[in-house]
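**Q** These protein sequences, in sequence, are chains S and Z. Residue numbering for the first sequence follows this note's numbering, beginning at 1 and increasing consecutively. Residue numbering for the second sequence follows this note's numbering, beginning at 269 and increasing consecutively.
Source of the hints: derived by calculation from the structure; they are not laboratory data. We put the CB at the ideal spot given by N, CA and C, even for glycine. None of the hints are false.
Derived BS3-like pairs (lysine-lysine); straight-line CA-CA distance at most 25 angstroms:
| # | chain 1 | residue 1 | chain 2 | residue 2 |
| --- | --- | --- | --- | --- |
| 1 | Z | Lys382 | S | Lys125 |
| 2 | Z | Lys422 | S | Lys183 |
| 3 | Z | Lys422 | S | Lys160 |
| 4 | Z | Lys334 | Z | Lys561 |
| 5 | S | Lys151 | S | Lys4 |
| 6 | Z | Lys422 | S | Lys125 |
| 7 | S | Lys178 | Z | Lys422 |
| 8 | S | Lys125 | Z | Lys336 |
| 9 | S | Lys194 | S | Lys4 |
Residues from chain S shown here face chain Z by an in silico Cβ test under 7 angstroms; the list is partial:
| # | residue |
| --- | --- |
| 10 | Asn85 |
| 11 | Met86 |
| 12 | Gly180 |
| 13 | Pro182 |
Here is what each chain is made of, one letter per residue.
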Amino acid sequence: MPRKVEFTDTEFMIAQGARLLEDGKTFFVGWGIPQIVAILEQKLYVPNVEQLFECGAVGPQSVLPFVRGTMGGPQNTYRSLQWLNMNWAFSYSASGYMDYGMLGALQVDPYGNINSTYLGGTFEKPERRFAGSGGGNQVASHCWRTVVIIKHEGRRFVPKVEFITSPGYLTGPGAREKAGLPKDTGPYRVVTSKALFGFDERTKEMTLLSVLRGITPEEVVKEMAFRPRIAETVTEIHPPTEDELRLLREEIDPSRIIIRGEKMTAIA
Amino acid sequence: MEYRFEHPDEFRAFVRDRKSRKPFDKICTAKEAVSRFVADGDYIVYDFSSLTRGPQSLIREVIRQKKKDLWIGAEFTLHESALLTGAGCATRIDVGFLGYGNYIGQAVCDGRVKVYEWTNGGLALRILAGARGVPFLPTRDLLGSDNLSVSAAKVIPDPYTGLPVCLVPALNPDVAFLHVHQADIHGDARIFGTNLFALEAALASRRVIVSAEEIVEPDEFRKDPMRTTIPYFLVDAVVHAPFGAYPGAMPARYEIDLEHVDRLNGIRNDDQMRKYLDENIYSVADHEEFLDKRVGARRMKELRRKASITEGYR
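Kindly generate the complete structure, drawing on both the sequences and the hints.
**A** Below, the structure written as structure tokens:
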């Protein structure tokens with residue numbers, strides 16, 4: 001029997017992100033939502049993933065419920081394999097040991113370039129200013145595959161980001177290598193609150209791969225300020241499962257401060 | 269592009285001539301440490317954040333003494349940049365992570381504070397270069413990004429391969445603030461848990477102020493050298509500051525005061541900022557009075573009780 005599920009856009013992004021990674025890999029975890037994704041995926045799908053935090057926690061296994069706003073406290077760095085510092089943490093990604101990285105973003109463009117610095121105006125006189133790179137630039141520069149997690153809002157998907165905080169494929173094929181960035185690295189997936197994108201192997205342009213069950217590719221694309229490529233077969237993404245929602249709501253974020261958001265429904 | 273720099277030879281001469289290697293008693297009050305070692309116009313770095321083991325009592329003392337024209341290295345920073353900017357102390361910030369809340373973002377938009385983008389990895393590497401006594405270090409990040417145009421990072425052909433590589437200049441701050449679990453009167457210090465660049469910052473900075481939850485006997489360090497984070501001869505002042513990371517957490521000692529942190533997060537304009545600073549900083553003489561009158565024994569006891577995770581911290 002088809003059943004209607006209710007969830008928030010944030011819950012859907014987190015659940016999607018958590019289904020992406022492979023077991024037995026390493027994962028450089030960005031600040032905020034990626035921390036929740038990492039917890040959920042490790043609990044449900046890929047127990048043998050080692051996480052890395054830029055503040056020097058190698059292989060942390062966060063205590064639940066999740067403590068928001070911090071990365072280096074005893075809850076989030078619990079049961080790590082190793083406690084170090086920032087220069088060593090970035091050495092793990094710079095030397096090629098980090099398979100996946102995951103970052104939030106304010107804006108992303110067709111080449112997966114990320115802006116998390118400012119919106120509107122100029123750098124010197126912005127209209128709105130945000131936190132900036134943090135360690136995001138290092139994650140996007142050095143991890144083999146970078147996953148961007150971002151709300152599906154038109155103003156966030158722009159033909160050209162206002163500021164490249166963290167590099168995607170820059171201007172296209174070969175541009176990363178030409179800039180001196182490590183070979184064969186770059187954005188891998190863009191997880192949104194409605195869809196999943198990859199990058200075309202040849203052109204390095206963002207490509208729609210899958211959409212949430214009940215939404216059409218056209219609906220997804222018309223909300224974006226650029227037209228992405230569309231895969232030959234666009235697959236369907238299952239809405240958050242009972243297990244995913246239970247873990248998120250009851251164990252990870254019972255106060256629902258992080259997972260709250262716009263209400264969505266889909267048929268399970 | 270403006271950037272803080274001094275040649276390693278200048279820094280080395282300072283270390284030779286002005287840093288005592290003698291293990292003398294460096295215990296002093298925060299008031300004495302800040303008035304003696306922090307000057308208007310100084311460049312300041314600190315280890316960790318306002319939520320985890322940040323030197324919050326020292327930062328409040330800087331604000332209380334109304335230091336001016338400070339340049340801060342805002343690595344992993346949360347509320348520090350907002351408070352130091354709101355109090356009129358900081359006028360330049362190397363980012364890092366600019367910080368939490370609407371206040372600091374608005375201050376940048378209003379042009380009240382100048383920012384440069386080095387990223388967390390870039391700042392950590394600059395301080396490592398400062399600690400290693402080299403004028404710069406190469407790295408393979410920042411490349412291709414717009415941070416290059418708003419910092420003094422440079423891209424040159426690597427002399428060995430000819431491929432582009434990014435260089436960041438050494439950073440030798442005037443002062444480093446480190447809040448630690450244990451220190452002795454000479455300045456030997458222990459941090460339990462992760463840190464950002466505690467040892468690099470202590471090596472690279474002209475002056476190092478350590479604030480400590482607990483003062484222990486010097487001999488403790490000799491008995492267990494693996495646990496020494498900072499040796500005494502890098503340190504200029506030791507301040508005994510229980511709850512020095514408040515409202516943030518001190519791992520395995522006390523938890524974050526989320527209620528107080530929410531008050532900080534809620535500061536949006538100058539009126540709210542002034543009210544916060546008056547209530548928590550200007551109206552109390554020092555950290556002890558702040559704890560006594562604004563935090564209270566009951567709350568401190570509660571925060572201690574909440575710090576139930578001790579595994580790994582020793």
